Amino acid sequence: MTIEPRKPPSQFIPRLQRALGGSAGWSGFIVQLLFVAALAWIAYEIVANARANLQAQRITAGFGFLANNAGFDVSQSLIPYSGSDPYTRVFLVGLLNTLLVSVIGIFFATVLGFLVALGRLSPNWLLSRISGGYVELIRNLPVLFQILFWYLAVLAALPNPRQSISILDSIFLSNRGLVVPKPVGTAGFEPFVAALLIAIVVAIALWRYARRQLFLHGKMIKVWPYALGLVIGLPLLSALIFGAPVKFDVPVLRGFNFAGGSRIIPEFVALTLALSTYTAAFIAEIVRAGILSVHKGQMEAGSSLGLQRGSVLRLIVIPQALRVILPPLTNQYLNLTKNSSLAVAIGYPDLVSVFAGTTLSQTGQAIEIIGITMGVYLLISLVTSAIMSFYGWRISRSMG
Amino acid sequence: MKRVSLVLTLAVAAGLSAQAASAQTLKTVKDRGMLSCGVSQGLPGFSSPDDKGNWTGLDVDICRAIAAAVFNDPSKIKFVPLSAKDRFTALQSGEIDVLSRNTTWTLSRDTSLGANFTGVTYYDGQGFLVKKSLQVKSALELNSASVCVQTGTTTEQNLADYFKGNNMKYEVIAFATADETVKAYESGRCDVFTSDVSQLYAERLKLANPADHVVLPEVISKEPLGPMVRHGDDQWFDVVKWTLFAMVSAEELGITQKNVDEMAKSDKPELKRVFGTDGNLGEQLGLTKDWVSRIVKAVGNYGESFERNVGAGSKLGIARGLNQLWNKGGIQYSPPIR
Numbered sequence: 001m002t003i004e005p006r007k008p009p010s011q012f013i014p015r016l017q018r019a020l021g022g023s024a025g026w027s028g029f030i031v032q033l034l035f036v037a038a039l040a041w042i043a044y045e046i047v048a049n050a051r052a053n054l055q056a057q058r059i060t061a062g063f064g065f066l067a068n069n070a071g072f073d074v075s076q077s078l079i080p081y082s083g084s085d086p087y088t089r090v091f092l093v094g095l096l097n098t099l100l101v102s103v104i105g106i107f108f109a110t111v112l113g114f115l116v117a118l119g120r121l122s123p124n125w126l127l128s129r130i131s132g133g134y135v136e137l138i139r140n141l142p143v144l145f146q147i148l149f150w151y152l153a154v155l156a157a158l159p160n161p162r163q164s165i166s167i168l169d170s171i172f173l174s175n176r177g178l179v180v181p182k183p184v185g186t187a188g189f190e191p192f193v194a195a196l197l198i199a200i201v202v203a204i205a206l207w208r209y210a211r212r213q214l215f216l217h218g219k220m221i222k223v224w225p226y227a228l229g230l231v232i233g234l235p236l237l238s239a240l241i242f243g244a245p246v247k248f249d250v251p252v253l254r255g256f257n258f259a260g261g262s263r264i265i266p267e268f269v270a271l272t273l274a275l276s277t278y279t280a281a282f283i284a285e286i287v288r289a290g291i292l293s294v295h296k297g298q299m300e301a302g303s304s305l306g307l308q309r310g311s312v313l314r315l316i317v318i319p320q321a322l323r324v325i326l327p328p329l330t331n332q333y334l335n336l337t338k339n340s341s342l343a344v345a346i347g348y349p350d351l352v353s354v355f356a357g358t359t360l361s362q363t364g365q366a367i368e369i370i371g372i373t374m375g376v377y378l379l380i381s382l383v384t385s386a387i388m389s390f391y392g393w394r395i396s397r398s399m400g
Numbered sequence: 001m002k003r004v005s006l007v008l009t010l011a012v013a014a015g016l017s018a019q020a021a022s023a024q025t026l027k028t029v030k031d032r033g034m035l036s037c038g039v040s041q042g043l044p045g046f047s048s049p050d051d052k053g054n055w056t057g058l059d060v061d062i063c064r065a066i067a068a069a070v071f072n073d074p075s076k077i078k079f080v081p082l083s084a085k086d087r088f089t090a091l092q093s094g095e096i097d098v099l100s101r102n103t104t105w106t107l108s109r110d111t112s113l114g115a116n117f118t119g120v121t122y123y124d125g126q127g128f129l130v131k132k133s134l135q136v137k138s139a140l141e142l143n144s145a146s147v148c149v150q151t152g153t154t155t156e157q158n159l160a161d162y163f164k165g166n167n168m169k170y171e172v173i174a175f176a177t178a179d180e181t182v183k184a185y186e187s188g189r190c191d192v193f194t195s196d197v198s199q200l201y202a203e204r205l206k207l208a209n210p211a212d213h214v215v216l217p218e219v220i221s222k223e224p225l226g227p228m229v230r231h232g233d234d235q236w237f238d239v240v241k242w243t244l245f246a247m248v249s250a251e252e253l254g255i256t257q258k259n260v261d262e263m264a265k266s267d268k269p270e271l272k273r274v275f276g277t278d279g280n281l282g283e284q285l286g287l288t289k290d291w292v293s294r295i296v297k298a299v300g301n302y303g304e305s306f307e308r309n310v311g312a313g314s315k316l317g318i319a320r321g322l323n324q325l326w327n328k329g330g331i332q333y334s335p336p337i338r
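One line per chain: the protein sequences are F and V, in this order. Numbering-wise (the working numbering), the first sequence opens with residue 1 and increments by one. Numbering-wise (the working numbering), the second sequence opens with residue 1 and increments by one.
These are calculated hints, taken from the structure and not from any lab test. Do not take every clue at face value.
[Said to hold, decoys possible] For lysine-lysine, the following DSS-like pairs were computed, each having C-alpha atoms within a straight-line distance of at most 27 Å: (1) V/Lys183 with F/Lys338; (2) V/Lys52 with V/Lys297; (3) F/Lys182 with V/Lys164; (4) F/Lys247 with V/Lys169; (5) V/Lys206 with V/Lys132; (6) F/Lys182 with V/Lys169; (7) V/Lys258 with V/Lys268.
[What the hints assert, rightly or not] Simulated restraints on C-beta separations: (8) F/Ser385 with V/Asp179: 52 to 62 Å; (9) V/Thr111 with F/Trp41: 26 to 36 Å; (10) F/Leu141 with V/Pro210: 25 to 35 Å; (11) V/Trp326 with F/Ala67: 35 to 45 Å; (12) F/Leu78 with V/Lys328: 51 to 61 Å; (13) V/Thr111 with F/Phe248: 46 to 56 Å; (14) F/Ile46 with V/Lys78: 40 to 50 Å; (15) V/Asp161 with F/Val252: 46 to 56 Å; (16) F/Leu379 with V/Ala312: 25 to 35 Å; (17) V/Ala211 with F/Arg162: 13 to 23 Å; (18) V/Asp179 with F/Arg162: 25 to 35 Å.
All figures in this text were calculated on a predicted structure; none of them were measured in a lab. Here a beta-carbon is modelled for each residue, glycine too, at the ideal position from N, C-alpha and C.
Same shape as in the complex, but just chain F (with noise of 0.2 Å):
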């Protein structure tokens, strides 16, 4: 007769006591699920009374508002855009431009942010200085004044369209904006992208290659001048088959304005410069924090290794100098973000201009818009920090 070891006592019940109800078990729990029971009253009570008030009230509820025709004209649209068409429209129209002056002012910010904190760390006695006095500067003023002085400082120093300043009679710049000829494409443009396309592939392929000759067999190959051949001479060459890809919209004074060509407006060139030299101040301390916390004993290995300067930082520093950097600088990725709905006080029509003030002003239903346009802001921060997140782990993963 064989003795049946003992099963354990099962674990199941202490378990799930201790993740339900933490050390205090289930008493712990019934404290907390009556905490949630107030939570979920409280929040029921807000939306019931809301509710109600607004009835009582009679100011209208609900989101049918969205299908109504807006009514109103915007001065910049990514897509196509009329006064007929719906408040949805209008909002999609108010978030496209949001995202555009919050991309390409994250772009500059951190391209100028970094160039300032190199700067700033250069042993270039006056280098080092300006760039201090960059930093020092701009991030002492408030950006709501800074974007008021760049539009206002843009637009008192551009003529009217009239007299405005012109490039080979076909770029124009005015108190209007610049406007440029639009490139329209022709019967070519499919084969130049596809060359283009394939060239690139193809000059990828070629650094690969040649990334793995150094790393294997210390065969260092020159391949740039290949590479650059080849994105410009296969798309030349297709042009010369299928003809020009692109033919030019050249814009023409006419009235009070110019017909024809891409027009970008001066409240997006002032909020976007204002945005992304502010937001690069704060840039620039967070890298240059980020590169002096890598020690120096690296840089030194480097340069012993007969590393140029440039190579050290590009190569050894800044790669290591990142993980510092990553989460403050989406912190201010996110500032960025949220500082464009300041755009209202220039007139540059975002977000918050066209969708939670126009619209909210002409339907009275600030409840809703003032709701969406919190949970779009939120959105698009939990979006942005889950991008750098991302990025963040691959860094931190390749540096095992």
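Given chain F, work out where chain V should sit, using these hints.
Below, chain V without anything else, positioned relative to chain F:
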């Protein structure tokens, strides 16, 4: 302990919102000892602070008249300057008791905002302001122009309708406040500034060289401007409505700031009703018997207020036009006070 404070918080919150729903505005105003009046952020002639910080203007006079009727003191007012965009929210939330801020009466605003218009203080229409140097004679010549407009106004929609209706292209740049809009127009960002005609005259005064700018002849819309109160408080609605009617009636009856005491002694039955020496009309409104004389003493009759703020006696110099009394060629009309 925690639970008790939570329940308390909830009770207070529920109590507050219940109060907001069925507000007795007149009582609230009396208890507070102060009228909270939503005005513009500075529109000469209608509502703007002078160099000493005193608010003046036609819209301001309506508030002063209400304060005079309630407190017999036209200075018991807190003025709340509001942008076009924020004005309705401020009224809905109860931050202000009355919105007297050059606001156009439209059907959708009457029905969907939870607020009611009490009357028309100024019959206006939308027009265009352009630089003289552009040599534009008519709004129909404005094809492809850039237009500056204040956001959150009926103006924005009228503009879209007008240009679309006349097959003209335009570019609209919308700003949050009137000042920003005018600044952009002055800096040359726009060819045209559009708004209610009265406002165009008022804003033109703020420009560096008012004479370089001209208001085009077209009036493209009806803009009846008037005060607004929250929906669902009929007593307060009546008080605000009849305050304006009292000013118009006073003009019609020839009661002025100067002769009001004299007229109050009159034996005419009509005047006796108005001044409350016969009957208690004012008390029926929840005010006092002498409400009309309080109003006229404080701000004068409608005509006096008009002339002082926007008419011949002011910098704006706007003609009475539609805002003349009904028996003098205009359409300002008050139902009888009886």
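Do the hints match the structure? See the list:
1. The hinted pair formed by lysine 183 of chain V and lysine 338 of chain F meets the criterion: a straight-line CA distance of about 25 Å does not exceed 27 Å.
2. For the proposed pair lysine 52 of chain V and lysine 297 of chain V, the alpha carbon gap of about 22 Å is at most 27 Å, so the pair holds.
3. With a C-alpha separation of about 25 Å, the suggested pairing of lysine 182 of chain F with lysine 164 of chain V holds against the 27 Å cut-off.
4. At most 27 Å may separate the alpha-carbon atoms for a hinted pair to count; lysine 247 of chain F and lysine 169 of chain V meet this at roughly 25 Å.
5. At roughly 16 Å between alpha-carbon atoms, lysine 206 of chain V and lysine 132 of chain V fall within 27 Å of each other, so this suggested pair holds.
6. Proximity of lysine 182 of chain F to lysine 169 of chain V is assessed by CA-CA distance (about 19 Å); at most 27 Å being required, the pair is judged to hold.
7. With a C-alpha separation of about 19 Å, the suggested pair lysine 258 of chain V and lysine 268 of chain V falls inside the 27 Å cut-off, and the hint holds.
8. At roughly 37 Å, the beta carbons of serine 385 of chain F and aspartate 179 of chain V sit outside the given window of 52 to 62 Å.
9. Take threonine 111 of chain V and tryptophan 41 of chain F: their Cβ atoms lie about 33 Å apart, and the range 26 to 36 Å holds.
10. Between leucine 141 of chain F and proline 210 of chain V the CB atoms are about 33 Å apart, so this pair conforms to the stated range of 25 to 35 Å.
11. At about 42 Å, the CB distance of tryptophan 326 of chain V to alanine 67 of chain F agrees with the hint of 35 to 45 Å.
12. Separation of leucine 78 of chain F from lysine 328 of chain V is about 54 Å and conforms to the stated range, judged on CB atoms against 51 to 61 Å.
13. A C-beta distance of roughly 51 Å is found between threonine 111 of chain V and phenylalanine 248 of chain F, which places it inside the suggested range of 46 to 56 Å.
14. Between isoleucine 46 of chain F and lysine 78 of chain V, the C-beta spacing of about 29 Å breaks the proposed range 40 to 50 Å.
15. Distance hint check: the CB atoms of aspartate 161 of chain V and valine 252 of chain F are about 28 Å apart, inconsistent with the given range 46 to 56 Å.
16. At about 57 Å, the beta-carbon gap between leucine 379 of chain F and alanine 312 of chain V misses the expected band of 25 to 35 Å.
17. Taken as a hint, the range 13 to 23 Å holds for the pair alanine 211 of chain V and arginine 162 of chain F, whose Cβ atoms sit roughly 22 Å apart.
18. In this structure the hint that aspartate 179 of chain V and arginine 162 of chain F lie 25 to 35 Å apart at CB holds, the actual value being about 27 Å.
Checked against the numbered hints listed earlier, the structure breaks hints 8, 14, 15 and 16; every other hint is satisfied.
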